[in-house]
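**Q** Chains as they are written, first to last, in this note's numbering: chain U, 1 to 320; chain E, 1 to 320; chain V, 1 to 320.
Quick caveat, the hints were computed from the structure, so don't treat them as lab data. Predicted, not measured: the structure shown is a model, and the values here were computed from it. A couple of the hints might just be wrong.
When chains are identical, the list treats them as one kind, so a pair holds in a single copy or across two.
[As the list claims (entries may be wrong)] Under the rule of at most 25 Å between Cα atoms (straight-line distance), these lysine to any residue pairs were calculated in the SDA-like manner:
#	residue 1	residue 2
1	K225	I106
2	K136	N46
3	K136	S50
4	K220	D271
5	K83	L55
6	K220	K270
7	K54	T289
8	K168	I285
9	K54	K83
10	K51	D33
11	K220	G171
12	K54	F318
13	K83	T57
14	K225	Q170
15	K83	I317
16	K168	A273
17	K21	R49
18	K297	M110
19	K168	L213
20	K165	I268
21	K165	L132
22	K270	N296
23	K215	K225
24	K297	L132
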Amino acid sequence: MVIELILMATKSNKAIKISQKHLLGIQDLSITDVNFILSEAKQFINLNRSKNKKLDTLRGKTQINLFFEPSTRTQSSFELAGKRLGADVMSMNIVNSAIKKGETLIDTAMTLNAMHPDLIVIRHQDSGACNLLSQKVNCTVINAGDGRREHPTQALLDALTIIEKKGKIQGLKIAICGDILHSRVARSNIYLLTMLGADVNIVAPTNLMPKDLEKFGINKFSDMKKGLYDCDIVMMLRLQNERMNSSFLASNREYYEYYGLTPDKLDIAKDDALIMHPGPMNRGIEIDTNLADDINKSVIQEQVELGVAVRMACLKIFCN
Amino acid sequence: MVIELILMATKSNKAIKISQKHLLGIQDLSITDVNFILSEAKQFINLNRSKNKKLDTLRGKTQINLFFEPSTRTQSSFELAGKRLGADVMSMNIVNSAIKKGETLIDTAMTLNAMHPDLIVIRHQDSGACNLLSQKVNCTVINAGDGRREHPTQALLDALTIIEKKGKIQGLKIAICGDILHSRVARSNIYLLTMLGADVNIVAPTNLMPKDLEKFGINKFSDMKKGLYDCDIVMMLRLQNERMNSSFLASNREYYEYYGLTPDKLDIAKDDALIMHPGPMNRGIEIDTNLADDINKSVIQEQVELGVAVRMACLKIFCN
Amino acid sequence: MVIELILMATKSNKAIKISQKHLLGIQDLSITDVNFILSEAKQFINLNRSKNKKLDTLRGKTQINLFFEPSTRTQSSFELAGKRLGADVMSMNIVNSAIKKGETLIDTAMTLNAMHPDLIVIRHQDSGACNLLSQKVNCTVINAGDGRREHPTQALLDALTIIEKKGKIQGLKIAICGDILHSRVARSNIYLLTMLGADVNIVAPTNLMPKDLEKFGINKFSDMKKGLYDCDIVMMLRLQNERMNSSFLASNREYYEYYGLTPDKLDIAKDDALIMHPGPMNRGIEIDTNLADDINKSVIQEQVELGVAVRMACLKIFCN
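Same shape as in the complex, but just chain U (with noise of 0.2 Å):
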């Protein structure tokens, strides 16, 4: 059924509108919304791996990113996301250096926004950060990570990668795997993988797994070697160790014993099943450093491939 709703999405893309002015968070998108965005974004993974890599669909606008946590990934893959759509694009960070005279966000938004940008592309460690400054700006706010709350296009890109490897979602058996109580991409992931039809196994030890996702119908299990069983895909997260009280976890050693995705843990998911991660990886902590580079089984690299495609649909998209 998504197959055919993208189908029908690519051959009429002009009739379909988002419902949505901003893009804060999944649990905000009806699966016309997703499936319209992942149709578009399936149209420049070809541009993406041309020759000619630049359009004018965002010629005269202005992106700026507003990045108040670092991120090398997120905020190259919009940054060229951006460029590529010809947007004039400005990144901003203010992990250190702004800021510094006492500004709060909103002042700093409202300034921008006084610069008439078309599209504010914004990380925050706070949850909800996005949502206020979208209350305070006349442009289109893109969510690139607030706190723990949602990762909106890292879901997306994630669900584009499993369509385009295994055809579709509806019915997959997929695990995530880890530190889902500090987890945004887990959050995004679950709102969007429940809601295209998949079979949501959540694996964490008991104090990082979270009390209040029941009601989307997930599994839970502390027991890795249970969580895995017959998954056709493996989702591994990052462990936040910068977001995290040291008193959550024993030591990196135990958690790659118990969470760590190895070999053999690995085998207990269907034969083909493939791994994932948002990355950046702690290599030997929550993956196996050969799966995470064993182009058989591994991902990985299409997700960052897929996400700049993701990103420029979302931005040709919701800019208006």
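Chains E and V: place on chain U using the hints.
**A** Chains E and V in isolation, oriented as in the chain U frame:
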């Protein structure tokens, strides 16, 4: 008269040329120069509000933003201004990172100059750094703030904002309040607003009041309630904590009591008085937070908005 | 012979191709490659001096500048080179900020590679980092300096500067002076200048003199007055304080006394000898400040200027 000059300028832009190669300070500009810049800027206001914000005016030109002090709004404003005019813009933050190897301002400038930029936009903590730079390079130098000396584009955008809101500057009573001593914004505004015929009041604690501004025909006040009497414009300054010796002030609370803009103090100004601030604001120190956000009185967002237009005008006019 | 080759190359650029996919070091290049690059670079010198410095040669291409060491001039030079050729340029400084999360060089490179750049320009503190990178990515890798190993575009711009000023390199006597041991600039220049037929003198304190360069037919000197005798070119190196164990040198003052370029030492070279320095300079340590600025003797600014042209040539030729 100002408006007439602006209208004249609008009608015959091609005949007018700027008298200076560089934009180092308001004090170097003639009233004709100022009106030429403001009339050009007016044309960019609508461009910035439109869907397509891109011109080819500076295509093929190279603009380097060379910032030795951190800045969110001024640097962003210049970056967007240059990009919207089609220039290749390169922004360099030399606050912490560069000059680590011990290179001097002049060596940095000479190096960049050899790369044939057409414009260098510089902010530096030393008064006169931009003048020194302008003697060493072949390209146009735009001062984006140097020490306590001048911040000419800030004054120009303030003037444009007043003209847009009040229709004129001539004859208006304008109070500039706060840390005048350390403020390049105050200096550039005093030069420009008196040139354009305003009646300027300076309000500051005696130890933050400079001694060298008498010749500009300004009125000095240490009592804010006297200084704001009958004013059309109340321009608040940022309390420059980082530039101020701690001995200047007893406490932020006391400063707010005597020199913070509060509703009761604003009542002393005209009923339709407008509030301005160059940002970033210290809410609750130099300005009441509700007043800052009062869209009927505060034109702080308009200042930022028109700032991009003014900088586009300056980049276009001074680049040759 | 060199000039003839260059003329030949200029006449028939289309027939010539570079022998390498990547630009990792001078040692990988043939003399035909070098002359091809230099002849292309000559064509960009005038472009950079003209009013319109923009081409569409690399429109639709993505260039990523990946700098693991701080750099003002090299990074700026590559950024402007790419932008003037119409590429989408993304600059990433991974000095302090990124890789904070512990990602490896290879993971960073693989991630960026998945975004389909056409060119990665890399500077890294480890010798051979760019070679490692080039084995992992699909796109062209340009070495912007790796550890003590090579800095090929610096040597190419130095060669172009000498050819522009002296008409040739063959037969010239060229002294390279200073901290040879830690200098990638020295290594790349030794490879290139000897390849192009220069007679190269190396001048360094014995503990800063490498032991592995005999096979290139260079002459070694620990006495600067002997090493500069009859030279056409005196190329000074930056004293790499940050890379040097403090035990190498007694003091800056003593270094200047014995190895700093001063008027009396320069007198030993030919009357029309030219001074070069890759920058940034330590004035008063490795070079007398007045000599550095003497426009009749110093071609330091020309080096920077031609650096942009050389990098444009390299980006154009190696991108495919």
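**Q** Now tell me, hint by hint, if it's right for this structure.
**A** Now for the hints, and whether the structure bears them out:
1. K225 <-> I106: This pair counts as neither: shortest intra-copy Cα distance 46 Å, inter-copy 30 Å.
2. K136 <-> N46: between (37 Å within a copy, 22 Å between copies)
3. K136 <-> S50: Close across copies (19 Å), not inside one copy (39 Å); limit 25 Å.
4. K220 <-> D271: within (22 Å within a copy, 64 Å between copies)
5. K83 <-> L55: both (9 Å within a copy, 16 Å between copies)
6. K220 <-> K270: within (19 Å within a copy, 66 Å between copies)
7. K54 <-> T289: This pair counts as neither: shortest intra-copy Cα distance 35 Å, inter-copy 45 Å.
8. K168 <-> I285: neither (30 Å within a copy, 57 Å between copies)
9. K54 <-> K83: both (8 Å within a copy, 14 Å between copies)
10. K51 <-> D33: Intra 30 Å, inter 24 Å, cutoff 25 Å: inter-copy only.
11. K220 <-> G171: Within one copy only: 18 Å inside a chain, 73 Å across chains, cut-off 25 Å.
12. K54 <-> F318: both (19 Å within a copy, 20 Å between copies)
13. K83 <-> T57: Result: close both inside a copy and across copies, 10 Å intra and 17 Å inter.
14. K225 <-> Q170: Answer is within: at 23 Å inside a copy they meet the 25 Å cutoff, but 70 Å across does not.
15. K83 <-> I317: both (15 Å within a copy, 23 Å between copies)
16. K168 <-> A273: within (14 Å within a copy, 63 Å between copies)
17. K21 <-> R49: Classified as between: cross-chain Cα gap 18 Å, same-chain 30 Å, threshold 25 Å.
18. K297 <-> M110: Close across copies (16 Å), not inside one copy (46 Å); limit 25 Å.
19. K168 <-> L213: For K168 and L213, the Cα distance is within 25 Å only inside one copy (24 Å; across copies 60 Å).
20. K165 <-> I268: within (20 Å within a copy, 70 Å between copies)
21. K165 <-> L132: neither (36 Å within a copy, 29 Å between copies)
22. K270 <-> N296: Within. Shortest intra-copy distance 14 Å satisfies the 25 Å Cα cut-off; inter-copy 64 Å does not.
23. K215 <-> K225: Within one copy only: 24 Å inside a chain, 60 Å across chains, cut-off 25 Å.
24. K297 <-> L132: between (40 Å within a copy, 24 Å between copies)
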